[in-house]
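A.B. asks: Let's have the full structure, built from the sequences with the hints guiding it.
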Amino acid sequence: MIELEGATFRYGGVEALTNVTLSMEQGAMAFLTGPSGAGKSTLMKLLYLSLTPTSGSVRLFGRDAAKLTRRERAHMRRRIGVVFQDFRLLDHLSVLENIALPLRIAGARPADYASDVTELAEWVGLGGRLNARPPELSGGEQQRIAIARAVIASPEIILADEPTGNVDPEIAARLMGLLLELNRLGKTVLVATHDLALVARLGAPTLRLEGGRLSQAGERAA
Amino acid sequence: MTAPQIVLKQSPLIPRGGAPARLVFATSAAMTFLAVCALAAALTAEKLAALWTDQLARVATVTAEIADGPDARAQTTRLLAALEEIPGIAGARALSESEMQALLAPWLGPEAPLDDLPTPVMIEVETGGAGPDRAAVEAALARIAPGSTYDDHGRWRDSLADAAGTLRALAYGALLIAAGAAAATVALATNAGLAANTAIIDALLLMGAEDGFIARVFERRFARRALTGALLGLALAAIGLWSLGDAVSGTATPGGLDLSPTTRDWVVLSLTPALLTAVAWATTRLSVIAALRRRR
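Chains as they are written, first to last, in the working numbering: chain A, 6 to 227; chain B, 190 to 485.
Read the hints as simulated data drawn from the structure, not as lab findings. Small disclaimer: the values here were computed from a predicted structure and weren't measured. Worth double-checking, as some hints may not be accurate.
[Unchecked claim] Covered by chain A, per the in silico footprint, the following chain B stretches (three or more residues, Cβ under 8 Å):
(1) 197-204
(2) 296-306
(3) 397-405
C-beta: ideal position from N, C-alpha, C; glycine also.
C.D. replies: Written out as C-alpha cells, the structure is:
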C-alpha cells in the first residue's frame, strides 16, 4: 500500500531525506520517530503527495506517485487522511464545516453527512463548540478538528504528523485510541511523533529517522 | 421519536469581501455603463438613419429649368403631368413661392425678391415602390424642360447608411473593449484572490480537491460580483437613457421620431450584464486553472 524505494529529497542543496526505503502493507500501523529536523515531515509530505522525491520512488496503492495525472493525484489524496502538523484549518469556517471539508470536496450532500460530522465532533470533545471558528479555539481544540477532518471520509491511509503535540494526555490517549481503532478496522496508519512515552505505551512498530535516513531501512511495518 | 435534523451550512470556501472582489464589482459596473451607453447610441443612430433614408427614398427633387414668360406655367404643368405618368412616381408638385422663400431664406434672407432672381422651379417628386426608372425621368425632363436635373438623394442615403454602419461598428468595438477590460480586470483579481488565499487552496488540494472544484469557488465569487456590478451599471445607464429619451422624444427630433429606447432595444441592452458576467465567469475559470497548473 505504501512503498518508498530509495526515496531522496533535497531542499535546494540540502538533503532532507536520503535513500529511504519503506514498505507498509494494508492495515499496518507504525510510528515514525526521530529528533527535530530528522526528516519526518518531509517523509510525510512525500506520502501525502505534497512533494515529489528528487530521486527514488513513492508508490501508493500500487501506483507510482510521480506518474499520476493531476486528476489522479487529487483522487488518490482523497484516499489519504492527513493530520497536518500546522493543522491547515480554514479559519473562516466553523468546526463542523472544517471537519466536513473532505466530504464536501468529494461531492457528498450535506444532508447525508451532517449527523456523522456532528457525532465525530462530539466524540473528539468539541460538541460544545460546533459553530466556533478555529481562531476562537485553543491549539488542542484545533488539533482535534484536524484529526476529525482527517478521518471523517474514512480514508484507507491515515498520516498524522505530531497529532498529539498540543493536547493534554487524556485527549492524546483518546486520539491515539481512535487511530488504533481505525487501524483495527483495516486502515493503514503512520504517526510521526516526538512522544516516545506514548509510542512505548501503544507498542506499535517504530521507524526511526535520523539525519534523513531510516535507521532500519527497508523495515516492513507489521 | 425522531432525532432532530442537523443542518450543516456550506459557507464559501474563500472568505467574503476583499479588494479583488470589489475591483471586479466596480469594473463590471463601469464597463457595463459604458457599453450600454455605446450600444444605445448605436441603436438610436441606426433608428435615425433608417428614418431619414426612408424619407429620402420616398422623395426626389427635380430642378426644372423653365424660363420666365407667359408659357412658364403651362410648361410646368406639362412637366408635372409627364412625371406623374412615369411608373414609380406617385405624385409631383411644384414648390409654392412661399416654400421657395423658406428654402432660400437661410442664404438670401426672408425678404428675398424671388421675382427678380433667376430661380429654377423646384418640383417635389413623391416616389412609390422601387421608384422610377431614372432614364425615363431624364428623358421627360429633356423633352419638356431641357437642362433640368433629377436628384433621387441616393448620395445622401448612402452617406447616412455609411454613418450608421460606422456608429454600429464603433458600438460593437466599445462593447468588445469593455468585455476585454472586464476580462483583464477579472484575471488580475483572480490572481490576486489566489495569492491572498494560498493557504486555503493548498489545504483544499491536499484534501483531494480537483482544479475544477477550486475554479468553481472563485467563479461563484467573481461571477456574482460581476453580475451585481453589471446590473448596477445597467441601472445607471438606464436612468441616463430615460432622461435623454424624455429630453429628445416627440416633435423635438427631426421627423417627430421618439429616440428613447424601444422594448426591443431594452432587451438588447439588458443582455450586456449577461455578456459581462459570462466573460467574468470564463476568465475566472481559465485564470484559476492556468494558475493551479503552474503549481503542483
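A.B. asks: If a hint holds in the structure, say so; if it doesn't, say that too.
C.D. replies: Now the hints, each set against the structure:
1. 197-204: Since three or more residues must qualify, the claim that chain A covers the stretch 197-204 of chain B holds, with 6 doing so at under 8 Å.
2. 296-306: Check failed, 0 qualifying residues.
3. 397-405: Held - the stretch 397-405 of chain B has 5 residues with a Cβ nearer than 8 Å to chain A, which meets the minimum of three.
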